[in-house]
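Make the full structure from the sequences, and use the hints.
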Amino acid sequence: MRNQAFQFLSRYGILIAFMMLIIVMSVLSPAFLKFTNVMNILRQTSINGIVAVGMTFVIILAGIDLSVGSVLALAAVVAASFAHPGEYPVFVPILAGLFTGSLCGFINGLIIAKRRIAPFIVTLGMMTIARGAALVYTNGRPVIELSDSYNKIGGKYVLSIPIPVIIFIIVVFIGSFLLSKTVFGRHVYATGGNKTAAELSGIITSRVIILGYSIAGFLAGLAGIVLSSRVMSGSPSTGQGYELDAIAAVVIGGTRLTGGVGTIFGTIIGALIIGVMNNGLDLLNVSSYLQQIVKGLIILLAVMIDRKK
Amino acid sequence: MRNQAFQFLSRYGILIAFMMLIIVMSVLSPAFLKFTNVMNILRQTSINGIVAVGMTFVIILAGIDLSVGSVLALAAVVAASFAHPGEYPVFVPILAGLFTGSLCGFINGLIIAKRRIAPFIVTLGMMTIARGAALVYTNGRPVIELSDSYNKIGGKYVLSIPIPVIIFIIVVFIGSFLLSKTVFGRHVYATGGNKTAAELSGIITSRVIILGYSIAGFLAGLAGIVLSSRVMSGSPSTGQGYELDAIAAVVIGGTRLTGGVGTIFGTIIGALIIGVMNNGLDLLNVSSYLQQIVKGLIILLAVMIDRKK
Amino acid sequence: HNTNSKKTRITIGITYQNLQNEFVINIQDAVRNKAKELNVKLIEVDGQGKAENQISQVENFLALDVDAIILNPFDQYGSAPVVSIANREKKPIVVINAVVVNLDKADAYVGSNDQEAGRIAATYIAKLLNGKGNIALIRGPNGHSAEIQRTEGIMEVLNTHPDMKIIFDQSGNWDRTQGLELMENWLSTGKPLQAVIAQNDEMALGAQKAIEASGRQKDILVIGIDAIPDALRAVKEGKLCATVFQDARGQGALALELAVKLCEGKPVEHTNYIPFQLITKENVGK
Amino acid sequence: MNYPDYNSCILEMQGINKSFPGVTALDNVWLKLYRGEIQALIGENGAGKSTLMNILAGIFRYDKGHIILKGKPVEIKNEFHAQQLGIAMVHQELNNFPDMTVAENIFAGREPSNWGILSRYKMNDLVQKILNDFHLDIDPKRLMRKLSISEMQLVEIAKAASCNADILIMDEPTSAISMRDAEFLFKILNSLKERGVSVIYISHKMDEVFRISDSITILRDGKLISTSRASETNYDELIKKMVGREPKELFPLRSVVPGVTVLNINHLSRGKAFKDISLYLRKGEVLGLAGLVGSGRTEIVESIFGFPPAEQGIIEVMGKQVEITSPRKAIGNGIALVPEDRKLSGLHLLASVLFNITLPTLQAFARKSGIIKQRKEKSSAVQISQQLNVRTNNLKQAVENLSGGNQQKIVIAKWLLAQPRILLLDEPTRGIDIGAKSEIYQLMNKLTEKGISILMVSSEMNELMGMCDRIIALRSGQISKEFNHSEFDQEKILAAIMP
Ligand SMILES: Nc1ncnc2c1ncn2[C@@H]1O[C@H](COP(=O)(O)OP(=O)(O)OP(=O)(O)O)[C@@H](O)[C@H]1O
Ligand SMILES: Nc1ncnc2c1ncn2[C@@H]1O[C@H](COP(=O)(O)OP(=O)(O)OP(=O)(O)O)[C@@H](O)[C@H]1O
Ligand SMILES: [Mg+2]
Ligand SMILES: [Mg+2]
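Residue numbers (the numbering used here), protein chains in the order written: chain A, 1177 to 1485; chain B, 1177 to 1485; chain C, 112 to 397; chain D, 5 to 503.
Take the hints with a grain of salt, since some may be wrong.
Simulated pairs of lysine-lysine, PhoX-like, Cα-Cα distance not exceeding 20 Å [to be verified]: (1) K1210/A with K302/C; (2) K1357/A with K382/D; (3) K372/D with K382/D.
Rather than coming from a laboratory, the hints here were simulated on the basis of the structure.
In structure tokens, the structure reads:
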């Protein structure tokens, strides 16, 4: 019994850190636990959350994807460019955005798997290229005047839950299912845990890697669609630094950067910690300079609590 | 003989990529190989180069330092705040900057070595904290009105070679010497290559790690001093994204992100490739958006040429 | 005749503060158009939000032997060495849009004073609120010259109105999403709020979206700066109470003209202010 | 059907050539394997055994030659393809998924599933059956990283053997497992053979080779020397063909008379690993630790080396009590440890031979300022690697590219340079060929003659009995019995270590 509690703690230490954060915030700010604010947190977390689910695949694969922020922007402007009112039905911009994202991810995966170049450097290249492509595509200007049906994706509610939150939840379920219940998921863990051993076991790791990065790209594209529809414009300079937020969520959630270990559940907690932190510090009106220090400390603290076994 | 040529190529493939870049640029732009332009490239490379030398230590240690850009900014503002004319002799701001940088690096190293938390997340935390500290320290405003003697560091020449370039060369020599000729250097490789084996060989790896990160911090501080003196002001928002440039230089230069392998020489070539690219594309008047695409492609290409054996 | 015209063709190097900013792109458009019109060869580079890049780029201009330099400074202090370099190399230099501390050393300046923009926005809000109310301030990136100066202008006005209080104050990094999320969070505190001053339109539009979603559009005024197309539309629809127009095209065209004149040795006016203009529902069409 | 069936040739490798930059690993090698045959593949370290088998398993491309499988020429593209063709392999180096469970490891790459969705039900059933077949008492839900090396090796064997392959390749499967576990393995191999499975078995242990193989193939320096029926050859002949000269006596005569006590350990305990260990080691003595998997032998020597230190107990070196809290302290007290797993804890694989050899002793080659005297360093490394007969064309060569046995010699070399007073050897001859083994035994003898004391952990009973002055038997972390040289008796020692 006692042992089980200990196991739970050491496995879900990050959950404790999260709870502590929640408790502190709700004591400090009466507005924090209100329904609308909880929805705010979830909605604000959803974009990073969607990206972070994709990042989880990539990091379990012992890789990393620095390009997600730029790919998000590229997908956002491509999608938005098909979303002007009266031009195409709403599924066209959605498919265009998802395709753009997946394609970038696919290319990342292809180069990493086939040329055996460090994911860090490949996706760093893609980060610059996708950003440049977004700027060239739009000439540097945001794509504006989007159709109402497109803008609904980010702005409307279903049963008083914001649509981005619903999309996020669906992504979490599918991602979690893929990783934990399918052969592909096992191969992701195997490839990331020990690539040589995976190959020796007859797993075609290049396929797994390509698919993993494609998923990350797909989800970055999806996040780009949600984001552009939420702010009703597709900006080529959006999404900067999102890769770091996503990686932070994944790592705070206990996924190891060296690969082979990790869960979507952890990632979600990680993303929520970041979301709660951003929201709470704003509620408390902590000065933006101090916010940065506090955020850095909370991240370190959360990870330390988690790793202290 | 043939075999040796092959070995050379496979070892210094990146040199080939660099030469190719130089040839292409000098064909395309007559101004490229002028003495003043070469000095420009060196001066422009020096800041990233100094940071990248420190990054090389950290990456050989199988770590990473995302905080260098912020630490650079913090050191810059701290140094600048002691550099007002008539207040202190010029070595005071220099020491203050170097100390600040080293301290941040020391803290990074301490947490990484003692708490065994992933360097990525520790330095991500430090990245935010140091940036916040720089903003709090200056109230978000640049530190201005620096003494002439301080401004000389970034602006003057010795024997028609810019001082930043001279500092850069000294850093390269010392860094290279440390890594390849000293016991400490061997311990860096050993710790990064196989930590357990290093510990069993009697190496106190935590000390090596702490020292390695301190060096990275020290050099980020040095770069901050050079940069602030070059722009004659210490801005708390400077240095953003420098970590990626430095990591790119290191990785392009053939140092493995998984640790244990790498050279300062490679890093310098990597930094020069980035510097030449920035300079050359500006000389060729390539549009800023297209530049990003081209830069991404060149990075990928350079690494591919290098890894093709 | 071709060789002849080439020989006399003027080359001008221009460094922009950041071409990912729509406002700066507008300046670029005007500069390009004017350059075509005057048959000037233009070398354009992007500082990407880094003063040190701008210094490097001007060093590169010297290697290309440009006839004149136009500087669109990112940082009033950090970009100042550009002017010193131009002076040292005896190249005419025109500063555009934002200022540098050694502006007097430049040959000409075209632009608007960012403090002025802040003053105009804050004054208008003060007027609409009758000098009383709670304000939220969304700033540009910390330490950016425009952020510093616009904040100074805003504070200058608000300090003269003791009943106007800033209750929220954060940076939104010129970014619409950040403006949106800041506002969402502030609104959930339930504190009474009368107006939002955003230091650019993107952030203002984000904040406006959050206010609209919360149904408090009637109670809270939002003002932006820059007058980008999306913002003008929002002003027309009454979603933003106003924006402050800065004449990017006018600035760009004039700067290039002045640079050409300087190359030709003609005299020019040193300081050329192009005033800001408040755009409200009333004058938005013009 | 009675196997082997010499009328049915399942595999032919014809004229295989393979070279790596700077080395010819295989030079015109021919190999024929019959249905239901167990063929041993033997040869010195670096002879090319693993290379040949890796080619068969789809890991390496070969430069020249043909492979005929069941009468059809094939081009084996990759590991996956090899599996499809019915070839399974247990690799020389451990290669598993430390963060996955035992069951997941066994099924990696062939997970039971319906339309891509895992079927844990099926997996748990199957895994229990496999573990039972192999008499493996391991919880299939345990994480791989929690297993001892030998348990890991057993899991890998179980994995390969449960693949339903036609050809099973085993590259030194017993180098890290106990004799008892080896017995289970032989039973399994025999039952596979009865089903018509063919096995290629690489080993440096001659007794095993004679026990189980139908035929024996010898490689030397990448060349095929001979293939002969096991019944038609003998030990001396094999050794002669393998090393190219007359064999020497494997275990040298020990003539050292142990002197004063140099290491004295009292009531050492650490967690679950070992309890109340008391032992002493005299000058010039070789003391052996015998035990089964998980008996705590490795943990004991590691704790003597301070990695991690024991929780309770006293360690005395040269009669003085010492606090060994880290390997550095241990080294300072003249202790050296050759660890059990060279890849995991012995070597920086990507670095050079020179780098690895001098790592623990760098200070000795450095000025006070920390600058290394490279010439001195190099000459010492050259000397020691010649002394140990390390096969490398260049001290700058990456250790990664050396054969397993040569890697092991590097680990020993690195500690010999430190000139320790007390040498802890954990499975020092794991994966080493018979020639090198004999060299290492000679060396141990020479060292003890010089007054160095050795504490050796080994799973090879004849090695312990051949080299040690005394043997301490361990049973689940505690000392069960001590044997003096005159009391050595295989049966009795086995009885003392069996649970
Ligand atoms: N990847 C590689 N790159 C370069 N050389 C290699 C590589 N793999 C093996 N070699 C070399 O090929 C030769 C044969 O090595 P191999 O591993 O086949 O030997 P082995 O017979 O299995 O020896 P051991 O008994 O020590 O395992 C050796 O000289 C080795 O150094
Ligand atoms: N109760 C336990 N819980 C977890 N692991 C255990 C337990 N008991 C034993 N082990 C594992 O068994 C191993 C102990 O074996 P150790 O390596 O010390 O034995 P050994 O005698 O050297 O065996 P060998 O060297 O043959 O593997 C350790 O790896 C340890 O993780
Ligand atoms: Mg082998
Ligand atoms: Mg052991």
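Structure-based check of each hint:
no.: 1; hint: K1210/A with K302/C; in the structure: holds (14 Å)
no.: 2; hint: K1357/A with K382/D; in the structure: violated (54 Å)
no.: 3; hint: K372/D with K382/D; in the structure: holds (18 Å)
The structure fails to meet hint 2 from the earlier list, while all remaining hints are met.
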